[in-house]
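Visitor: As a plain string of letters, each chain reads:
Number of protein chains: 2
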Amino acid sequence: MINHFCKTPLWEASRTLAAVAGGRQPAETVITGAQLVNVCTSEILPDTGVAISCGRIALVGDVTRCIGPETTVIDAEGQYIAPGFLDGHIHVESSMLTVGQYARAVIPHGTVGIYMDPHEIANVLGLEGVACMAEEAKGTPLKTMITTPSCVPAVPGFEDTGSFIGTEDVAAAMEWDSVVGLGEMMNFPGILSGDGHAHGIVGETLKAGKIPTGHYSLPETEAGLNAYAAAGLRCCHESTRAEDALAKMRLGMYAQLREGSAWHDLHEVAKAITEHRVDTRFACLISDDTHPHTLVEQGHLDHILRRALEEGIDPVTAIQMVTINTAQCFQMDHELGSIAPGKCADIVFLKDLAGMQVTRVLIDGEAVAENGRMTAEIPAYPYPDWARDTMHVGGAVTAETFAVSSQGRERAEVRVIEVIPARVGSYERRAVLEARDGRLSADTGRDILKAAVLERHRKTGTVGRGFVKGFGIRSGAMASTVAHDAHNLLVVGADDGDMALAANTLIGCGGGMTVVRGGRVLGVVPLPVAGLMNADKTAEEMSAAVAALEKAWEEIGCEMVSPFMTMALLSLACLPELRLTNRGLVDCRTFSFVPLLCEPQ
Amino acid sequence: MINHFCKTPLWEASRTLAAVAGGRQPAETVITGAQLVNVCTSEILPDTGVAISCGRIALVGDVTRCIGPETTVIDAEGQYIAPGFLDGHIHVESSMLTVGQYARAVIPHGTVGIYMDPHEIANVLGLEGVACMAEEAKGTPLKTMITTPSCVPAVPGFEDTGSFIGTEDVAAAMEWDSVVGLGEMMNFPGILSGDGHAHGIVGETLKAGKIPTGHYSLPETEAGLNAYAAAGLRCCHESTRAEDALAKMRLGMYAQLREGSAWHDLHEVAKAITEHRVDTRFACLISDDTHPHTLVEQGHLDHILRRALEEGIDPVTAIQMVTINTAQCFQMDHELGSIAPGKCADIVFLKDLAGMQVTRVLIDGEAVAENGRMTAEIPAYPYPDWARDTMHVGGAVTAETFAVSSQGRERAEVRVIEVIPARVGSYERRAVLEARDGRLSADTGRDILKAAVLERHRKTGTVGRGFVKGFGIRSGAMASTVAHDAHNLLVVGADDGDMALAANTLIGCGGGMTVVRGGRVLGVVPLPVAGLMNADKTAEEMSAAVAALEKAWEEIGCEMVSPFMTMALLSLACLPELRLTNRGLVDCRTFSFVPLLCEPQ
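Respectively, the protein sequence lines represent chains U and B. Following the numbering used here, the numbering of the first sequence begins with 2 at its first residue and continues without gaps. Following the numbering used here, the numbering of the second sequence begins with 2 at its first residue and continues without gaps.
Be aware that a few hints might be false.
Stated by the list, open to error - Listed below are several chain B residues computed to face chain U (Cβ distance under 7 Å; list not exhaustive):
1) 20
2) 56
3) 62
4) 172
5) 175
6) 204
7) 207
8) 219
9) 223
10) 251
11) 341
Simulated from the structure, these hints should not be mistaken for lab results. Just so we're clear, the structure is a prediction, and the values are computed from it rather than from any experiment. Using N, Cα and C, we set each Cβ at its ideal position, and we do this for glycine too.
Okay, chain U solo, but in the shape it has when bound (with noise of 0.2 Å):
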């Protein structure tokens, strides 16, 4: 893998490294006085300085005679300094924000790099959805490799997205001077029972030297993961149980452990490390989704870190689990995660590593954040119009569109999806609805409502109309073009009216989240870049934007924590047991349609 995400590439910059190690020339910036985190070592090394040039470390020791009269120089004042940290499985639509508004979210809380695998715009607009995302991180410190993803559409027959990625696109994509990998293979189906398509994918990575990055979700960690692993998938981060995460580390894929928004993992899959001696060199520590609020309120990867610690991992451990660890799983630790002598001057001061607190973070030598405050400008970058219009509805949406047949009956038994809070996984139930004039309605007093897919991507006007269960919502409707994994229009509701209401709003607006009631919007967080994310607002305006959300949310009956996220996955037609697409409704246990009326006994 060679280099390009430093300023200056090595061979470029190492005549300058030796002149300035060697006293010569003088250093561009030092630090000076901290303590060393040495993630090589695993040690602490007091008063230690660094000299940096030309976005590089040119020496780690005493600096004293790499100081010019325009050195920069940074009396670290005892504080730690450790490498840069970097998130090694991320998906950067989850947050809401474009990679810009992103990259400031993150970098003041020590983020310098994530593997980023941007999944989500790429089922809506493809590869070219994932080139904006990759020229616009090209504007921003932030060092964004990406992972191509590899299952666009998630379950291809069963819903309809906005592109395809086959064989060819990936061996494409793996020429791409920012792709160092393949996004996580979550058709693992597919590859233990040897499908081409999905083991040709992994090919083409491994063909190009790139890193094939996993998503393994089940609970055999014998047949199923060997299989899995020998397929040449080199980390996983769906470990939900400490012996998932051993069991993949004794296998030698890095054991990827999250703590994202919605999925905390990290209370039981710690313990692979804290109640068993094993080396810890394949263990990492990883968001995979990070909502507005939570980079808002508890930070990045610096919140991982003190949850690691909660957890009762060594704080050196846990940074070696953002930083080396990582950066040894990409195969780019000759330039990335560790403070050392020609990687890049990537390096984040702590006030102390029981808080975890950054107070200051360099990026190829630049002092990019203070105190929690980018330092560094990063410019707007202007989406093309193509990514911002990606409402393509067929036909208008109306109370009738979502209008449900009784199929002549005076009552008939549908399936019912029931969603369980903060869990991804659902039901599927069963019920019984009176028929009015023909048709099926939500019935609130048994918390059932009406959901419809309607797709959105090319016209087709076809819409999957089910039932769902446990939002508890008393009136009105919600909608979203967060739904996963095809991000069709997904509109949830007491009354077809509302239903058409909310859809409309988002057709409007090019997409995002609503919540309306009685013909009047409640709330609506607008996501015009792919009905996905925001490009315009900060990570704060649009954490206080979903909590306006959410406070409509409860303002028609839910209680749920954080509702549009679980009902973002009613469409994963992936996980079981029932789901909804814009073809109808799945069966996800046995992968086909079933039918909404359930036949009369």
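Could you slot chain B onto chain U? The hints should help.
Guide: Same frame as chain U, now just chain B:
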């Protein structure tokens, strides 16, 4: 780094591996009932099985379901299995064997892969010679990863070699399939001073995404070592003190702890690990130079592992230092260095960990050695005639060739190189010699011998002449074409006539080492391939031949252990204090030629 060192690329094997792991297709081979040395987690896992197909590991765990009627079942009977050993820095030429014979010698000791720096042959035959060794290696099971020699000649301007390797040559060699990096960059003064050629060669390696390996032999671990590391040199085997090794690990360099036939560094450098509680992932064990008698009497990496244990290193940690750490150093850990699904099935069986006794070796899933003996055939490789015809000495060699004029003086003070047994350094001494017939001769009474280096690559006829002490011989002469690094024809003796006989003996047999006395050849080790290696004799045969030669040395009065090794460094003009090349005496402290006769006071 894509793989060239495995039987089947992973992308061709992955579907089969998934089928084997899943129990849908029987494995080709399984191992049952082993104690797994898990180098990923640093654990020993009891009663473990391994399923193998396509030369790769399909499953680690319970192999019951992977066994079919055709499956070869190897019952480990409770023995340990570890990943095949990798030697991260080795000059095959030092064994006096070509790669085929070397492979035969080391594989039964558990070595499955070597990172070979063929800089001896490169000095004689250039990259064409390296290509021969690479070609021979392909016929062996030994994974022979080449690091392209970086310093040919070792000391430009001070000696004449058979070849010159420039920046463009290095760039071209980086395209070779078998090249994984750059050989030890011995020109650390050039790196430290910012020399364009030295940095250029490293730069070409980095541009190719390959690994520059180091050689930094100064005791200075601040400015110099930082400058060296900052240039991208990723590892170094030249630590002789624990603090050297520790400093390198702290700077993110792989400290390759050496235990060669002649250089017994481990006793000191192991303390970097045993006396400091550091993460050991940046520590490796390597051999550098291994002579045939060591291979025969002691072994290879198994011997070095035993030595590591004697120095107090934990067995699993030591095994990591010849497996996963080495693979990670070369960013080849996705293929080599662990017993894990998808990796090459390179597996060593060990009777116990205390003795590191290797009982069986699999490479790419094939049993290649058992109980100390090769079971796989290695075909003979016919080195081309030009590689066996390298004695190009200008003009006839006679006693006159070795005459040293007293420059008209009756007595003259001369510079004398004093060798130090079992050390690589030498001292500059002075001695006054009486002239006879206008010439200066050896004075065995004071252990002063004559030495000469005859250029043998391009018939230039250049001869460097000098005096040496420390060998203690009373009569006769010795000659060698193993004379670092230019490998010219080095002759040392008490008598000019015997010196001529020694030289002509080697010219006659295509190079090697010989001892003569009184017009009679007492012993000769023919090394016809480049004057460095013998392709036809086994390690046992070469060991016996060298033993016979050592006996001849004894016979003429030398009590030194392996004197030919000490002699071979007489011409290595990059080590202090005084050396002799075909161009004359070199003061290696000031890097200048000095006259043999001192100016009269």
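Visitor: Hint by hint, which ones does this structure get wrong, listed from lowest number up?
Guide: 2, 4, 5, 8
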